[in-house]
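Asker: Under our numbering, the residue at position 265 of the sequence shown is numbered 265, and the numbers go up by one with no gaps.
Hints in this document: simulated from the structure, not taken from any laboratory.
Backbone N, C-alpha and C define an ideal beta-carbon position, used for all residues, glycine too.
Heads up, some of the hints might be wrong.
[Stated by the list, open to error] DSSO-like mimics (lysine-lysine), calculated; alpha carbons at most 30 Å apart, straight line: (1) Lys100 / Lys189; (2) Lys149 / Lys232; (3) Lys209 / Lys74; (4) Lys153 / Lys74; (5) Lys103 / Lys164; (6) Lys152 / Lys174; (7) Lys100 / Lys209; (8) Lys189 / Lys86; (9) Lys193 / Lys103; (10) Lys193 / Lys78; (11) Lys242 / Lys78; (12) Lys232 / Lys209; (13) Lys242 / Lys222; (14) Lys153 / Lys164; (15) Lys232 / Lys136; (16) Lys30 / Lys189; (17) Lys149 / Lys74; (18) Lys7 / Lys45; (19) Lys257 / Lys136; (20) Lys193 / Lys232; (21) Lys136 / Lys174.
[Claimed, not checked] Pairwise CB distance ranges, derived in the manner of DEER restraints: (22) Ser139 / Leu220: 20 to 26 Å; (23) Glu202 / Gly9: 32 to 38 Å; (24) Asn255 / Gly9: 32 to 38 Å.
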Amino acid sequence: MFIGYLKNGFEDCLDEIERSNTLFDFELLKKTYHAFPQYCFAAYKNSKIVGVISAYAFDTHVYINVLNVVDDGKDILKRLVSLLLKNISGENVLILIEEKYSKDLEELSFLTYCDMYRFMHSGQAVAFNFSNSTAKQVSGEHYDEVSRKLDKKAFYSNRESYLKQDCVFSNSLKLSTDYGFLHSYVVNKRYIKISPWIMANEAFLDAEKLLRGVLYYRGLKKIYGFAPIQEKEIVDLYQSYKFEINGDFKLMYLNEKPNIRLENLYGI
């Protein structure tokens, strides 16, 4: 097995990863590889990728946004994370990871920032009103302006390039009001991912409008997103629209503890 930098032409080597991980985020990996190839690594076995990691650098931290291994290969996962850490020179690191891997990251000195749920909507119809008036209210006309302002308040970090370029895809759906923004995109033929989704404080009615919008426009595909367990209003909103808890995750960090306003974080 070879573990090192992700190589050009990796698109043809991902069959095993895609087989093992139905939510593998291929488009996000491609975008991150284009922006930060020096933070993308893979484990190769017989010319096939059996583990992959990518990370995006912000001004306050490095965010590991893709980490997948074949058949729960914990040893490969730890080796990939360790290799990345050797190449980022003591930077602050943030990662959203399945709870079953959290002990492995703790062995690498990661700490838990908060517990998260993955919510999944099955694609079943939900009865709600979505009028032309509501559609105009969440049209995304001021998405860039709203996202820049609210995202910085939530993360205390400049993520503008990420929001405008590196987390935007040809199939992105960008919705916003004056008090929040919701971005969603196609992960594969079956799944839509909500990421990111940030709201101003106590903007619950606007949050509901945005969630109705993504359910209305994304049709009958399965939709998923991540939310902090401790934020009851956010959890209740997902569940009120028939999203079900689909996994336990942890938001973990290395080195300096981040400052994230979890009450604004409806989708990371």
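Asker: Hint by hint, note whether the structure agrees.
Answerer: Here's how the hints hold up against the structure:
1. Lys100 / Lys189: holds (27 Å)
2. Lys149 / Lys232: holds (24 Å)
3. Lys209 / Lys74: Since the Cα atoms of Lys209 and Lys74 sit roughly 40 Å apart, the hinted pair is violated (cutoff 30 Å).
4. Lys153 / Lys74: Violated. Lys153 to Lys74 sits at ~35 Å, over the 30 Å cutoff.
5. Lys103 / Lys164: violated (34 Å)
6. Lys152 / Lys174: Satisfied, since the Cα-Cα distance of roughly 18 Å is no more than 30 Å.
7. Lys100 / Lys209: The given pair, whose Cα atoms are some 34 Å apart, is violated under the 30 Å limit.
8. Lys189 / Lys86: Not OK: Lys189 and Lys86 at ~36 Å, beyond 30 Å, violated.
9. Lys193 / Lys103: holds (26 Å)
10. Lys193 / Lys78: Given that 30 Å is the threshold and the Cα spacing comes to 26 Å, the pair holds.
11. Lys242 / Lys78: violated (35 Å)
12. Lys232 / Lys209: holds (18 Å)
13. Lys242 / Lys222: At roughly 11 Å apart (the allowed maximum being 30 Å), Lys222 and Lys242 satisfy the hint.
14. Lys153 / Lys164: It holds: about 17 Å lies between the C-alpha atoms, which stays within 30 Å.
15. Lys232 / Lys136: The hint holds at about 28 Å.
16. Lys30 / Lys189: With Cα atoms ~17 Å apart, Lys30 and Lys189 stay inside 30 Å; holds.
17. Lys149 / Lys74: violated (38 Å)
18. Lys7 / Lys45: Holds: Lys7 and Lys45 sit about 13 Å apart, inside 30 Å.
19. Lys257 / Lys136: violated (39 Å)
20. Lys193 / Lys232: Status holds; Cα separation ~21 Å.
21. Lys136 / Lys174: Given pair Lys136, Lys174 holds - Cα atoms ~13 Å apart, limit 30 Å.
22. Ser139 / Leu220: 20 to 26 Å: holds (22 Å)
23. Glu202 / Gly9: 32 to 38 Å: violated (49 Å)
24. Asn255 / Gly9: 32 to 38 Å: Given about 34 Å between the Cβ atoms, the range holds.
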